[in-house]
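2 protein chains.
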Amino acid sequence: MMLSAADAAREIAEGRLTSEELVQACLERIRALEPKVQAWTFLDQEHALTQARAADEHKRSGKPIGPLHGVPVGVKDIFDTADMPTENGTVLHQGRTPRADAAAVRSLRASGAVILGKTVTTECAYFAPGKTRNPHNPEHTPGGSSSGSAAAVAAGMVPLALGSQTAGSTIRPASFCGVYGFKPTHGLIPRSGVLQLSRTLDHVGLFARTIEDIALLAEQLAGWDEKDPDTRPRARIPFQALAAEEPPIPPMLALIKTPHWERTDGDTREAFGELVEALGDRVEEVELFPSALEAWDWQKTIMAAEMAANLEREWRAGKDRLSPQLRELIERGREVRAVDYQRAVRAIAPAVESLDELFMERYDAILTPTALGTAPRGLASTGDPVFCTPWTLLGMPALSVPLMQGANRLPLGAQLVGRRGFDARLMRTARWLVAKLA
Amino acid sequence: MMLSAADAAREIAEGRLTSEELVQACLERIRALEPKVQAWTFLDQEHALTQARAADEHKRSGKPIGPLHGVPVGVKDIFDTADMPTENGTVLHQGRTPRADAAAVRSLRASGAVILGKTVTTECAYFAPGKTRNPHNPEHTPGGSSSGSAAAVAAGMVPLALGSQTAGSTIRPASFCGVYGFKPTHGLIPRSGVLQLSRTLDHVGLFARTIEDIALLAEQLAGWDEKDPDTRPRARIPFQALAAEEPPIPPMLALIKTPHWERTDGDTREAFGELVEALGDRVEEVELFPSALEAWDWQKTIMAAEMAANLEREWRAGKDRLSPQLRELIERGREVRAVDYQRAVRAIAPAVESLDELFMERYDAILTPTALGTAPRGLASTGDPVFCTPWTLLGMPALSVPLMQGANRLPLGAQLVGRRGFDARLMRTARWLVAKLA
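Which chain is which? The protein sequence lines are A and B, in order.
By the numbering used here, the letter at position 167 of the first sequence is numbered 167, and the numbering carries on one by one without gaps.
By the numbering used here, the letter at position 251 of the second sequence is numbered 251, and the numbering carries on one by one without gaps.
It cannot be assumed that every hint is accurate.
The list treats identical chains as interchangeable, and a pair is accepted whether it falls inside one copy or across any two copies.
Below are the SDA-like pairs computed for lysine to any residue, each with C-alpha atoms no more than 25 Å apart in a straight line [said to hold, decoys possible]: (1) LYS131 to ASN408; (2) LYS436 to THR231; (3) LYS227 to GLY421; (4) LYS300 to ARG334; (5) LYS227 to LEU358; (6) LYS300 to ARG313; (7) LYS36 to ARG334; (8) LYS227 to GLY187; (9) LYS131 to ILE65; (10) LYS227 to GLU57; (11) LYS319 to PRO35; (12) LYS257 to GLY406; (13) LYS257 to ALA380; (14) LYS63 to PRO233; (15) LYS227 to ALA349; (16) LYS257 to GLU287; (17) LYS300 to ARG343; (18) LYS227 to SER354; (19) LYS436 to HIS260; (20) LYS227 to PHE359; (21) LYS227 to SER291; (22) LYS300 to GLU312.
Think of the hints as simulated: they come from the structure by calculation, not from any bench.
Treat the numbers as computed from the prediction; the structure is a model and nothing was measured.
Next comes chain A alone, as it looks inside the complex (with noise of 0.2 Å):
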């Protein structure tokens, strides 16, 4: 079941193709690759064929119909969803089921989507990993935390899924598991009945297999929420439109190599010649200015005091049913000074600044890597986030584009990270990126 979201809700509109049809192959695949990649954590068919059935019923009605009617799509299991558990990837959350849907789920909804079930998160949205598999090779990680989003997309389960990223959990699982990753700039979608753990630092991340749906799905979610005080009021943004423009003059890109890129593994380094190469005059090496060479510290003492304050409640109600990584996280972040936690929140608006004049002068994106390789063997870690925390604390908008490959055939995503609040040009920019290469 590779048809794009898009597609399908323009087959479903134009009545070549019914939601029930489309969730059954859904759940057809997901019968046959669930055993080997468990990207799910709550799926219950009979309630994904009710809401399709329901969707069918409504069109055959003749109701105006949402840009996503009748597509299905996948939620990881820290958004809050009123028809199904929210669990948060922890024991302690067992059998949590909450009373109100979080904001993007509600938007999904009234954008005509099926909710087809929950996806699994690492526990907490943290490190711990969950129960899912990497859907190119079962060996290996599928990244984290949005182990189920990405590899349910990935494995053709649902077009489209819902993670969230506090450092790198959407960026890196989408490389992991060769689908577009995107993380918005910060306050563009609302998180309000979302697992917070760090209001600085939490993105809502989304999914897709192309840029069309990624716009597609942005557009449904961006916008205010009276909960979220981060997000503001404005004019919708016409995403799909602005992404499928033809750039004026060919993109210029920024790669940034930073000071990890030594930590980098071969078919990485040699994956990004390649591209280097291919985009001949079109790419240019520039450095970070030195102060932002301590935005990978600043991260780490804002997600570890936020999430001390945010899972402070479960810490005192069952430590010892924590992860020795999420205990520890958490440990340390009690510890954290509040003039060291304010030095670093403070940091993030000049930072923004320097690198916004990035943008202004010459560069349309910046390339840089996803991750350190390829999908790491093994379960038991989820892979670094390393290369995605920078853009993640400066709230600026990211994609991983799923160009590459390692000599283990696994897929490796390239990171565009665009200027702040500019999310539709860094999708236009992807786009022309894409053809570029094709």
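Based on the hints, put chain B in the right spot on chain A.
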């Protein structure tokens, strides 16, 4: 020179008074009383007169004039002024000459005001006193930290002055000096260009001798400033017109004694007893809900942590030249943990919501003491802000109304606290209260 700002502006606008005459009269008053009161830290008489003559010249030329045209205003020496030094009450900033005006000073100039001079602040607007004395009795403190602004307005040296409040730095000195002191809703008046102690707690404060003048001044200062992230774009609020309206029905006040009532002196309790008696059925005693009792601790935690971050440079550069009080605060603040700090900040919004119910159900304003009593004898301390800190924390508008007197003949204000965002309503209620007791 007890002319109100509104009357002075009217006289000037109608040509019966010149700004030069008014400023000359203020300067005479200052020459007579400053040796005793010591309200000013910078005052260049020639520069003040030059501004006044320019205002008169501007008016003679027939150009449109602003609502404060030609009216002198005193500015606490933590507001940056491009034409006068700004030393923030610390030797560490001696000789500091900012290049730009603070946003509030810019607004004053845009309204036509004459910036008469800079008034004495305690050290960095914290507790270590400046040289100012109480104009009603120089053996007593004027309160702080806006000591010079309160004293200058009380002594008739200037009809209006700017101060600030992070704990009780406007309400307390206004009460001790017998003038109106107004601390607006958090975010109503931009603070950019003012020494930042605490983004969460800092407010611009206003001093005047009539409510009409408080409204006139607030109307000039309220607004959005892109450099103060807590301000919001909004329509201009007609404070003067709203404050002058008759309440549709007689207001109802909620007397909140707080757990600190027992520490007030006999004078305060007696004066409040008479006040409550005079108000009859228009006042009812109300208990604070239990969780609000933590407000004092939350305010202390936030003030220490944020001041430690904001004054880190001063502490590093010259901690031996800070007062013991300030050094102790910063060192305490440096030890505050980020989890405790975040818990305190997050407590604000739900507490504001709970207090909102009070206003929606029955009451127009809270009535509560401004301080433990009249201005304490001696100049070593500016008094205790304990009756101000919770309302500062919650960002609610507060007004010190000079209604009472102690047995020692020193003034004693009553504090009215309004619903967050309803500043003009609070002024209207205060006007009603004053008229009722007249």
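Results of checking the hints against the structure:
| no. | hint | result |
| --- | --- | --- |
| 1 | LYS131 to ASN408 | within (22 Å within a copy, 76 Å between copies) |
| 2 | LYS436 to THR231 | neither (34 Å within a copy, 45 Å between copies) |
| 3 | LYS227 to GLY421 | both (20 Å within a copy, 19 Å between copies) |
| 4 | LYS300 to ARG334 | both (13 Å within a copy, 19 Å between copies) |
| 5 | LYS227 to LEU358 | between (33 Å within a copy, 23 Å between copies) |
| 6 | LYS300 to ARG313 | both (21 Å within a copy, 23 Å between copies) |
| 7 | LYS36 to ARG334 | neither (39 Å within a copy, 52 Å between copies) |
| 8 | LYS227 to GLY187 | both (12 Å within a copy, 19 Å between copies) |
| 9 | LYS131 to ILE65 | neither (36 Å within a copy, 72 Å between copies) |
| 10 | LYS227 to GLU57 | neither (33 Å within a copy, 53 Å between copies) |
| 11 | LYS319 to PRO35 | neither (31 Å within a copy, 65 Å between copies) |
| 12 | LYS257 to GLY406 | within (18 Å within a copy, 71 Å between copies) |
| 13 | LYS257 to ALA380 | neither (27 Å within a copy, 59 Å between copies) |
| 14 | LYS63 to PRO233 | neither (28 Å within a copy, 39 Å between copies) |
| 15 | LYS227 to ALA349 | both (23 Å within a copy, 12 Å between copies) |
| 16 | LYS257 to GLU287 | within (8 Å within a copy, 61 Å between copies) |
| 17 | LYS300 to ARG343 | both (12 Å within a copy, 19 Å between copies) |
| 18 | LYS227 to SER354 | between (30 Å within a copy, 17 Å between copies) |
| 19 | LYS436 to HIS260 | neither (27 Å within a copy, 72 Å between copies) |
| 20 | LYS227 to PHE359 | between (31 Å within a copy, 22 Å between copies) |
| 21 | LYS227 to SER291 | between (33 Å within a copy, 22 Å between copies) |
| 22 | LYS300 to GLU312 | both (18 Å within a copy, 21 Å between copies) |
In the structure shown, a violation is registered for the earlier hints numbered 2, 7, 9, 10, 11, 13, 14 and 19, in ascending order.
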